[in-house]
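K.L.:
Please work from the sequences and hints to get the whole structure.
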Amino acid sequence: MRIIMIGDEEILIGATDHVSYATIEQEQDTSVANTKGEIHFIIKSSFPLVVTFLLQYLVSVLSVFAAGRIGSKELAAVSLAITTFNITGLAIYQGMATSLDALCSQAFGAGMPHKVGLYFQRCSAIMLVITLVLLVPIWWFSCPIIYTLVGDKELAMMCQTYLRILTFGAPGLLFFETGKRFLQAQHIFDATTYILLAVAPINFILNWLLVWHPAYGLGFIGAPITLVIVYWLMPLMILGYVCFIDGKKCWNGFERTALTNWGPMLELALPGVIMVEAEYLAFEVLTILAAKFGTDSLAAQSIASSVGALVFQLPFAFAVTITTRIGHYVGRKDGKSAAKVTKIALACTSAISMFDFLVVFFFRHIWSRVFTKDKNVTAISDVILILVAINQLADGLNVAGSGLLRGQGRQKMGSVLNMISYYVISLPLGFFLAFHVNLGLKGLWYGLMSGVFFLSLSQLAMVLTTNWDSVIIESLRRHDH
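Just remember that my numbering sits 8 ahead of the position in the sequence shown, which is counted from 1.
Some hints here could point you the wrong way.
As the list claims (entries may be wrong) - Derived lysine to aspartate or glutamate pairs resembling EDC-like cross-links, with alpha carbons at most 20 Å apart:
id: 1; residue 1: K383; residue 2: D304
id: 2; residue 1: K257; residue 2: D198
id: 3; residue 1: K450; residue 2: E292
id: 4; residue 1: K344; residue 2: D477
id: 5; residue 1: K420; residue 2: E285
id: 6; residue 1: K450; residue 2: D304
id: 7; residue 1: K351; residue 2: D477
id: 8; residue 1: K300; residue 2: D160
id: 9; residue 1: K81; residue 2: E162
id: 10; residue 1: K381; residue 2: E285
id: 11; residue 1: K52; residue 2: D254
id: 12; residue 1: K344; residue 2: E482
Treat the hints as calculated values from the structure; they're not laboratory data.
P.N.:
Encoded structure:
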């Protein structure tokens, strides 16, 4: 681990020459994070993550685009299948992997590199069992469930076909999610950027070749086959990166203990799933309710969700960086630096939130017309995007607060706050305002914004009043297992 001196203080940076871990075993009174150095590190580390998340987001979007070139039925089937897969698969993988945000970064900061590899293996094993035992049957026999929701037998069968094929790529995706955390815990943030930059043209070529090529195209089923190939390419490239470039210092070989003692990891993983699923499902419910106001409102809601998802990548990338940073300082038993980085992170997040607000607010007319030329839709969208812009002021702090809680290993508290925010405040209030006060789509967004502002303020209160001694003691307890 490189220690760079700035003034009379030092900070941990980089990931390419972690030769000795003695320097990160100091007690918390030996050094305190340097403000300028921390800001530089966070910004530098966040940039490749922004690119990473955007590219990963576009992987499935390209599948929808490819299907749309075949026909409207195929477009609807792929969109519905990917939504189903994201809720029942990707969200669970991302939620389970939040346990590694705390465990791997804290172990690395504590100078226990072998445990980073052990935790990666253990989390991957748990997720693989959940996939094979629980998720695969859901995907394989999804037609009756989807038919109940949409009432279209042919569409439901097409979705089931897509999900059955995608099942073979699910293990690859879960290994990619855990592999990302394995690298990020070592401050290796740019590896997945390079990997996804390499995968992007392959994804495009495969979609062209397998979906709509006049001679070799397979049509509809070519779209999920392409994703299966891409989902396996990504973790295989991570494996190659670790073997030949950087990251193997935390790999101690396959360990049988990864198949035991799952309890402490599940204590973090299950609340992590609740945190992620709560937000995923809330936005899906919002879209379903928006359909009650007609196709124009539904289209405007789709535009608002797409723009929100796009600008979300910036604070989310920032949150991943600070999650790892906080975890490292907790692992070092350096509560003073963790507290200082928390304040730095919140200050930087406020600036990012303001930037997102300005981008959405002042360019809202452009955003609307990028998606459609329909004047009725753009008129509604222009109004809703104002609310999306205001929501960014709170959502940025919400994302940062969640990241800080994950770095501390307090996913359980985060899951409780998320459930209250979305299902006690956002959805009930939004439903009341939309259908009983007759505010329509605006009412749904007023409800959502209220919940997000509550979540931001409550998480802000939690992280600013953190008892760092308790967090460090709890971290030590976990790593004793």
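K.L.:
With reference to the structure, classify each hint as holding or not holding.
P.N.:
Taking the hints in turn, this is what the structure says about them:
1. K383 with D304: Given that 20 Å is the threshold and the Cα spacing comes to 10 Å, the pair holds.
2. K257 with D198: holds (17 Å)
3. K450 with E292: holds (16 Å)
4. K344 with D477: At roughly 10 Å apart (the allowed maximum being 20 Å), D477 and K344 satisfy the hint.
5. K420 with E285: Given pair K420, E285 holds - Cα atoms ~14 Å apart, limit 20 Å.
6. K450 with D304: holds (13 Å)
7. K351 with D477: The given pair, whose Cα atoms are some 17 Å apart, holds under the 20 Å limit.
8. K300 with D160: Status holds; Cα separation ~18 Å.
9. K81 with E162: holds (9 Å)
10. K381 with E285: violated (33 Å)
11. K52 with D254: Judged against 20 Å, a Cα distance of about 18 Å means the pair holds.
12. K344 with E482: It holds: about 17 Å lies between the C-alpha atoms, which stays within 20 Å.
Comparing the model with each earlier hint shows a violation of hint 10 alone; every other hint is respected.
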